[in-house]
Amino acid sequence: MSNQIPEHVIEEIRKANDIVDIIGEYIQLKKQGRNYFGLCPFHGEKTPSFSVTQEKQIFHCFGCGKGGNVITFLMEMENYSFYEALQFLADRSGIQLPETNKSVSTLSQETQDILSAHEWLTKLYHHLLRFTKDGKEGYSYLKNRGVNDEAIDEFQLGFAPNVKNFTAEFLHKKGYHQQLLVKAGLITQQDDNQVSDRFRGRVIFPIRNHLGKTVAFGGRALGDQKPKYMNSPESELFHKGKILYNFDLAKKHIRKKNAAILFEGQMDIIAAYQAGIKNVIATLGTALTEYQAKLLNRYVDTVVICYDGDRAGLDAAYKAAVLLRDVGCEVKIAHLQHNMDPDNFIEKYGGEKFENEVIKASDTFISFYMRYLMKDYNMNNEGDRLHYIEEVLKQLAMIDSSIEREYYLKELSNEYNISMDTLSNEISGYREKFGSNKDNRQKNRYTTSSREWNVRKSKLLPAFHNAERQLLSYMLQDVVITDKVQTEIGAGFNIDSHKIIATYLYAFYEEGNDPDVSLFLEKITEPKLQQEITEIAMIPLQDDISDKEINDYIRIIQTKKSDMDAIKTLKDQQKRAEQQQDPIKAAQIAMQIIEINKQSKNMN
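Per UniProt numbering, the sequence shown runs over residues 1 to 604.
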């Protein structure tokens with residue numbers, strides 16, 4: 001596909017989309033030295049090994065080996081074709097792609113049709129709600145709930161008329177097959193094969209994926225229909241445990257605030273958004289899943305859980321907090337009055353009071369845990385009090401911060417008249433039993449640099465292998481060094497993949513290109529080779545390397561090449577000696593091979 005699009009257009013699009021900005025929309029990046037680090041989106045990890053360099057416009061994961069430029073990142077992350085990745089970046093930067101260059105989508109035709117059907121219905125339901133008599137009932141409901149027109153438009157809220165086959169007829173006229181709509185959960189099929197609108201008579205909440213595409217609907221009944229709330233059924237596009245409501249709109253606000261506020265309901269989101277609190281997301285009627293927790297951990301350090309203030313809300317908040325802490329998030333839990341939810345708190349007291357007295361006043365996990373745990377004990381009973389204190393101490397034992405531990409130990413000491421020495425001795429026993437590194441996730445998350453990763457790897461490789469990697473890394477950023485290497489050793493590298501990279505690089509510069517790793521990667525079609533190039537390009541280099549150092553790398557490579565050629569010749573001679581029934585000569589040759597290997601090993 002790249003051959004069908006002018007290279008200057010591809011280059012314009014790539015340069016208009018900074019790789020740090022694009023990847024920063026998927027994971028939280030923190031600058032360390034020249035590079036940015038974050039948790040790899042392609043494999044599970046708690047210590048960041050995913051590095052992005054703005055200078056070279058490439059990424060590389062030192063953990064799983066994935067690497068490339070901004071286009072290959074989107075192809076890998078979104079399962080896009082090359083054209084789809086370019087189209088996404090072109091749309092983002094306002095660049096027009098040639099109309100003649102169409103590509104087969106990586107999505108099946110059926111999936112594309114389901115997406116377009118959802119898009120049509122989103123527009124239809126929203127139009128009905130805002131501008132027609134058919135939607136007046138839904139519009140009045142939202143107005144009574146305090147939702148303004150701006151929020152209705154922002155979230156594309158709608159209304160499905162209480163007409164049995166309204167949706168089916170509308171989409172049939174658009175050319176959609178009935179069975180596809182049944183499969184997508186947009187209409188339901190009865191035993192007599194009659195169909196009806198799944199969401200008829202309901203206020204519609206479009207559920208979008210992280211790219212802002214509607215993949216499902218949530219419907220709130222206005223009459224006596226059961227259930228009161230209904231979501232689309234699970235499908236290839238919609239998994240409740242993987243999508244967070246409003247995540248597409250909240251991403252940029254979450255990054256800006258470096259915190260996400262987690263709600264349970266869609267109306268909570270809308271109320272907060274109207275109040276100017278926009279780093280808000282919600283689950284879709286289910287408990288938080290590990291997938292969702294890991295997704296949040298890639299984006300942000302801190303998650304504030306703000307669930308309903310009743311017992312069910314407290315139980316759900318505790319489970320979500322434990323899950324988020326397990327994947328590495330710092331967790332805070334907002335404290336709402338009993339039987340209040342965020343929506344009616346904001347309606348009653350306003351957004352400013354909600355932010356200051358609920359969100360900013362959130363409990364730490366330990367404070368919340370102590371309060372949450374207490375509900376299961378009769379604190380007037382001595383046995384219950386002792387058991388409660390023991391459970392709290394076990395939780396405190398998993399905190400590595402001595403200041404934080406002491407803070408809560410003093411609370412226990414003052415509250416229950418137990419000496420600090422006794423509590424400290426008890427917690428020391430638990431720490432010895434549990435291990436002391438349970439809660440140190442955040443403090444050491446960003447301590448490994450690309451230089452350290454490469455030092456670790458270089459220790460595992462022989463000298464000639466490291467010399468080839470270092471030399472290629474300099475070649476990727478310097479035409480003069482490349483010309484020198486091409487003259488002196490050509491493709492005479494010892495590692496096969498290094499030979500291929502050097503050959504491609506010679507051709508790249510001969511075409512008149514300046515050093516540009518990101519552009520060079522466009523010429524490489526083999527994913528494994530792309531990954532190796534990005535790893536080599538991440539090697540930290542000296543700004544003013546001397547000719548002597550370059551010559552040393554070349555000498556090491558040539559020496560190894562000479563040794564390998566000599567060994568190959570000797571092995572051929574040894575084979576002939578064995579065929580001629582001359583064991584003495586074969587043994588002598590074997591000793592020569594051992595000596596060459598020994599000398600080569602000493603050089604390493």
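Hint data in this document are derived by calculation from the structure and do not stem from the laboratory. Be a bit skeptical, because a hint or two may be false.
Distance condition first, Cα-Cα at most 30 Å in a straight line; then the derived DSS-like pairs of lysine-lysine [what the hints assert, rightly or not]: (1) Lys571 <-> Lys499; (2) Lys183 <-> Lys143; (3) Lys257 <-> Lys136; (4) Lys528 <-> Lys484; (5) Lys256 <-> Lys136; (6) Lys174 <-> Lys278; (7) Lys213 <-> Lys123; (8) Lys164 <-> Lys174; (9) Lys360 <-> Lys256; (10) Lys523 <-> Lys499; (11) Lys353 <-> Lys394; (12) Lys31 <-> Lys174.
- Given hint Lys136 paired with Lys256 - CA-CA distance at most 30 Å: violated, 37 Å
- Measure nothing beyond the straight line between the CA atoms of Lys213 and Lys123; if it is 30 Å or shorter, mark the hint as holding. holds, 12 Å
- Lys523 and Lys499: Cα distance at most 30 Å? holds, 16 Å
- Given the proposed pairing of Lys528 with Lys484, does the C-alpha separation stay at or below 30 Å? Measuring from Cα to Cα gives roughly 27 Å; hence the hint holds.
- Is it true that the CA of Lys360 sits at most 30 Å from the CA of Lys256? Given pair Lys360, Lys256 holds - Cα atoms ~16 Å apart, limit 30 Å.
- Under the criterion that the straight-line Cα-Cα distance not exceed 30 Å, is the pair Lys164, Lys174 satisfied? Judged against 30 Å, a Cα distance of about 18 Å means the pair holds.
- Message: Against the 30 Å threshold, does the CA-CA distance of Lys183 and Lys143 hold or violate the hint?
- Response: violated, 33 Å
- Item | Pair hint Lys353 and Lys394, alpha-carbon separation not exceeding 30 Å | Roughly 35 Å between the alpha carbons, so the hint for Lys353 and Lys394 is violated.
- Proposed proximity, Lys499 with Lys571 (alpha carbon, max 30 Å): holds, 23 Å
- Decide if the proposed pair is consistent with the structure: Lys31 and Lys174, CA atoms, cutoff 30 Å inclusive. Since the Cα atoms of Lys31 and Lys174 sit roughly 49 Å apart, the hinted pair is violated (cutoff 30 Å).
- Item | Proposed proximity, Lys278 with Lys174 (alpha carbon, max 30 Å) | This hinted pair is violated, its Cα atoms lying about 36 Å apart.
- Task: Sort out whether Lys136 lies within 30 Å of Lys257, counting only the CA atoms.
- Result: violated, 37 Å
The structure fails to meet hints 2, 3, 5, 6, 11 and 12 from the earlier list, while all remaining hints are met.
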